[in-house]
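Visitor: Take a look at the letters that make up each chain.
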Amino acid sequence: MNALGIAWDSIWHHRTRSFLTALGIVIGVFAVVTLTSLGGAVKTYVNSKFSGVGANLITVVASLPRSGSHHGFGHGFGHGGGRNAFFSVPSTLTPADLNALLHPHQPAIATATATIAVPDLISHAGSIDNNASILGVTAPYFGMQNVSFEKGRFTPTGIVLGSSLAKSFFGKTDPIGKTVKVADTAYPVTGVLKSAQGAPGTDPDETAYLPLQTAMALSHQSTVTDMVISAKTAQLVPKAVKEATAILLKRHPSHNFKIETAQEILSTVTSTTSVITDFLAGIAGISLLVGGIGIMNIMLVTVSERFREIGVRKALGARDGDILVQFLSESILLAFIGGFLGTVLAGIATAVVGKAVGIPAALTTQSVVVAVVFSIAVGAVFGVLPAMRAARLMPAEALRTD
Amino acid sequence: MALAESKVDGLIDVQGLGRRYGEGEAAVDALVDVNLSIARGEMVALMGPSGSGKSTLMNILGLFDRATSGSYALAGTDMLRLSAKAQAEFRGRRIAFVFQGIHLLPRLTALANVELPMAYARMPKDSRIRAAREALALLGVESLANRYPSQMSGGQAQRVAIARAIAPGPDLLLADEPTGALDRKSGRLVLQAFQNLHDQIGVTVVIVTHDPLVAQHAERLIELEDGHVIDDRIVRDRIIVDDGHDSHLGPDGGSK
Chain A
117 MNALGIAWDS IWHHRTRSFL TALGIVIGVF AVVTLTSLGG AVKTYVNSKF SGVGANLITV
177 VASLPRSGSH HGFGHGFGHG GGRNAFFSVP STLTPADLNA LLHPHQPAIA TATATIAVPD
237 LISHAGSIDN NASILGVTAP YFGMQNVSFE KGRFTPTGIV LGSSLAKSFF GKTDPIGKTV
297 KVADTAYPVT GVLKSAQGAP GTDPDETAYL PLQTAMALSH QSTVTDMVIS AKTAQLVPKA
357 VKEATAILLK RHPSHNFKIE TAQEILSTVT STTSVITDFL AGIAGISLLV GGIGIMNIML
417 VTVSERFREI GVRKALGARD GDILVQFLSE SILLAFIGGF LGTVLAGIAT AVVGKAVGIP
477 AALTTQSVVV AVVFSIAVGA VFGVLPAMRA ARLMPAEALR TD
Chain B
3 MALAESKVDG LIDVQGLGRR YGEGEAAVDA LVDVNLSIAR GEMVALMGPS GSGKSTLMNI
63 LGLFDRATSG SYALAGTDML RLSAKAQAEF RGRRIAFVFQ GIHLLPRLTA LANVELPMAY
123 ARMPKDSRIR AAREALALLG VESLANRYPS QMSGGQAQRV AIARAIAPGP DLLLADEPTG
183 ALDRKSGRLV LQAFQNLHDQ IGVTVVIVTH DPLVAQHAER LIELEDGHVI DDRIVRDRII
243 VDDGHDSHLG PDGGSK
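Top line first, the protein sequences correspond to chains A and B.
When you read off a place in the first sequence, starting at 1, and then add 116, the result is the number in the numbering used here.
When you read off a place in the second sequence, starting at 1, and then add 2, the result is the number in the numbering used here.
Everything labelled a hint here was simulated from the structure, so no lab data went into it.
Mixed in with the good hints there might be a few duds.
[Claimed, not checked] Selected chain B positions facing chain A (Cβ under 7 Å, derived; list incomplete): (1) Phe-99; (2) His-105; (3) Tyr-150; (4) Leu-191.
Glycine is no exception: its CB is placed at the ideal position from the N, C-alpha and C atoms.
This is chain A alone, in the form it adopts within the complex (with noise of 0.2 Å):
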């Protein structure tokens, strides 16, 4: 017999009730699949955007002094504004500890810079763009980052405005030689970016770069929010963290920095992303356990609703393992049927969600599989016990009751 025209025909004819029943594993199914896919988006962007920045970068943060149990944790990522992440330690890296950096004799270094976050807005004709924010940054900052100019250069006096701030104050006119205003000074406008993606946490197109010196001075600090070398090469890293350490320990004897690599913070973001993915997919998962549940559930009535047709079957010469075969074959189907649902549903709102978020968002190809496994798999479980049942079960007694 065509196990799976009978199953079709049965789901068919209860409709609304195979809808409810296989919407459990709809829900369940959609909850992981969305989650892991969203989840491997997130994976895939963030490594996108190491690689962009380049992975011969190296961080050096202010921590506190080592003889301590911190390592504080992730230092935002990049230039997050003076705001150590958890523990509010004050900067003690300095414009000297830079200069040092750059001695010429580190054969791994290739240059470094310094960065400062300013606390201020910035306004161009009485206009406050809220969304900018200002860095104080050297020249080599900007080629490390991989970020090219439009037009113009950076200047020891003026400031570098990424695309979008130059086009929300100054739409198509040429801003450069124009000024802006950061803190009551105004400072002329030297050089436009080219649009780019930063590291995460930052935004090239959203900051305007100030000389280091003149944002230090201009928030009254004397040392700097971080340092930023390059090694020669990618190879090159762990023997340039080597190097630098050797300098900035003969600065900083308590050891109050940290030294971090492009590929560790990167290593940490990936690791986390995966754990709160798993996580989450887990708990998606129970409700795939409780929809299992529900065609179980499901199935048994179906079963003793069925007892004459299953009677009548047997009497027909049908074996056990036929209506074994009957039965799985339906909890199979609408497992499966609730868990093809459930993937469209989660292709829509992955790509939903990825749109809003702004990061490209699609299902994966293993999280489909292992969606229709599973929905297969939770069907196949969870209809042995009725299908059992079902084939168990005795003519005479079937057929007895009318």
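Fit chain B to the given chain A structure using the hints.
Guide: Just chain B now, kept in the frame of chain A:
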């Protein structure tokens, strides 16, 4: 027991058969020391009031239930020694059933219903369609082949059910109150169908009933009461005799 002497071509041979339900003081004997032999090609009515044990006997003959004592041989094979699985296989190949309620599967057409037992027997599609059409034709309902049970009268449905029972070519056709759910006119049509079948293809028919009308169509009447066979006799020649097909009866055809 007028007909207890064994036939040359015995299909069913039951000796000292008993069926006891429960144990100890609560035990109930549904059948006690039943001796019975039915030859190939006979048309037998099994009668008795409710509780007489006729349904129990039918279930044992149909291998739906197991006797607790005695012996039951079907076509020379000792049924009580077979495993449940072997019994199921035997039942599938050799025995066909017509039930009281009209047990056509509602979502299959008449043709698909008739095909079903042959499908379970793993018969190839084209030969089972051929056999199904032949069986429907034999019962005079070939025009209903593509209709669903809800589109048929009770009598038509029961004839489709009989076609389904005989299509695979069983040795034994067991019918449990086949007219029970039908009005008198449809009942007569169905009984006529049984009789034609018996006359034309010589299938052995055992009908369990308390409908006296059925008795008019049977050749032999076995009556049960309280689990005992109280009467077993050949009844007068049937009302309707189709001379043209008498030669198709089994070797015992002349024993009427």
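Visitor: Take the hints in turn and mark each one as holding or not.
Guide: Do the hints match the structure? See the list:
no. : hint    : in the structure
1   : Phe-99  : 5 Å, holds
2   : His-105 : 4 Å, holds
3   : Tyr-150 : 12 Å, violated
4   : Leu-191 : 22 Å, violated
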